[in-house]
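> Sequence:
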Amino acid sequence: MSILFARHGETDWNIEKRIQGTTDIPLNDNGIRQAELLSGNLKKENVTLCRIYSSYQRRALTTAEIIGMRHHVPVKVISGLEEMNLGLFEGHTWAETEKRYPDEMKKWQSDKRYQKAPGGESCQDLLERLFAALDRILKETEAEISRGRDVLILTHGMVLLSLLTIKNDLDFRTSYTVIHTENARAVRLEPGELWEVRRKSLSPKRPH
0 MSILFARHGE
10 TDWNIEKRIQ
20 GTTDIPLNDN
30 GIRQAELLSG
40 NLKKENVTLC
50 RIYSSYQRRA
60 LTTAEIIGMR
70 HHVPVKVISG
80 LEEMNLGLFE
90 GHTWAETEKR
100 YPDEMKKWQS
110 DKRYQKAPGG
120 ESCQDLLERL
130 FAALDRILKE
140 TEAEISRGRD
150 VLILTHGMVL
160 LSLLTIKNDL
170 DFRTSYTVIH
180 TENARAVRLE
190 PGELWEVRRK
200 SLSPKRPH
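In numbering that gives the first Met the number 0, the protein residues as written are 0 to 207.
These aren't lab readings, by the way, just hints derived from the structure by calculation.
Keep in mind the model is a prediction, meaning the values are calculated, not measured.
In this text, a Cβ means the ideal position worked out from N, Cα and C, and glycines have one as well.
Among the hints, a few may not be true.
Quick list of simulated restraints, FRET-style, between CB atoms [stated by the list, open to error]:
no. : residue 1 : residue 2 : range
1   : Lys199    : Gly90     : 28 to 34 Å
2   : Gly191    : Glu44     : 19 to 25 Å
3   : Lys42     : Asp134    : 27 to 33 Å
4   : Asp11     : Arg184    : 17 to 23 Å
5   : Arg172    : Thr47     : 22 to 28 Å
6   : Asp124    : Glu195    : 16 to 22 Å
No more than 20 Å apart at the CA atoms, straight line, and that leaves these computed lysine-lysine pairs for PhoX-like [said to hold, decoys possible]:
no. : residue 1 : residue 2
7   : Lys16     : Lys98
8   : Lys199    : Lys166
9   : Lys105    : Lys115
10  : Lys115    : Lys98
11  : Lys138    : Lys75
12  : Lys105    : Lys16
Work out the full structure, taking the sequences as your base and the hints as a guide.
Below is the structure:
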């Protein structure tokens with residue numbers, strides 16, 4: 000029994016290295032193929048899904064619905080799984096953002112865990128609303144999980160990066176160079192691992 004996390008399939012903005020955040024961008028044709036491939040890989044691995052949860056954003060929800068249809072498993076949208084709000088940076092490529100907002104980017108990159116893009120949220124903000132969502136998910140699926148079935152959560156790049164940065168005790172400033180959150184690839188966490196990440200992510204907090 001595991002909790003599987005997966006990033007959505009590819010979008011055109013992924014190809015352009017454009018910051019999506021809360022912007023609701025759909026999958027492209029390759030993203031749809033990636034979702035179908037992920038669905039097939041889960042079948043090959045004999046994953047027994049009982050429920051699929053998804054961010055409300057189209058790129059995640061479409062990925063989830065493709066998998067749900069093929070596995071005959073319901074998909075539920077739940078708040079808290081959505082991509083990090085990157086405020087002023089959204090819609091620009093990373094290169095454009097560094098040119099347009101050099102001071103704001105430098106400040107955010109100096110401490111991504113607690114610093115926010117202007118008008119956005121920090122990785123700590125993200126982790127707190129993510130674990131509120133995961134509390135709900137685990138309560139709803141407790142009976143199925145106890146019988147050895149799996150839960151799939153369709154989410155986003157910064158969500159997975161933040162989760163895995165805490166899990167592996169990495170520095171938020173540089174973890175993106177080590178952790179590569181590929182589109183439509185599943186990451187498996189056991190409930191015990193997940194709650195250890197929860198403990199480390201929610202306490203202690205940096206004093207402000």
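> Is it true that Lys42 and Asp134 lie within 27 to 33 Å of each other by Cβ?
holds (29 Å)
> Between Lys115 and Lys98, is the straight-line Cα distance small enough, at 20 Å or below?
holds (18 Å)
> Given the hinted pair Lys16 and Lys98, is their alpha-carbon gap at most 20 Å?
Given pair Lys16, Lys98 holds - Cα atoms ~15 Å apart, limit 20 Å.
> Holds or violated: Lys105 with Lys115, Cα cutoff 20 Å?
holds (11 Å)
> Do the alpha carbons of Lys199 and Lys166 lie within 20 Å of each other, as the hint requires?
holds (8 Å)
> Arg172 and Thr47, beta-carbon distance inside 22 to 28 Å?
Distance hint for Arg172, Thr47 is violated at roughly 39 Å.
> Is 19 to 25 Å respected by the C-beta to C-beta distance linking Gly191 and Glu44?
21 Å Cβ-Cβ, so the 19 to 25 Å window holds.
> Taking 17 to 23 Å as the hint, is the beta-carbon distance of Asp11 and Arg184 inside that range?
For Arg184 against Asp11, whose Cβ atoms are near 19 Å apart, the range 17 to 23 Å holds.
> CA of Lys105 to CA of Lys16, is that 20 Å or under?
holds (18 Å)
> Using the beta carbons of Lys199 and Gly90, state whether their distance is inside 28 to 34 Å or not.
holds (33 Å)
> Given the range 16 to 22 Å, decide if the beta-carbon distance of Asp124 to Glu195 lies inside it.
holds (21 Å)
> Hinted pair, alpha-carbon criterion (20 Å max): Lys138, Lys75. Please report holds or violated.
Given pair Lys138, Lys75 holds - Cα atoms ~14 Å apart, limit 20 Å.
Hint check: a violation occurs at hint 5 only; the rest are consistent with the structure.
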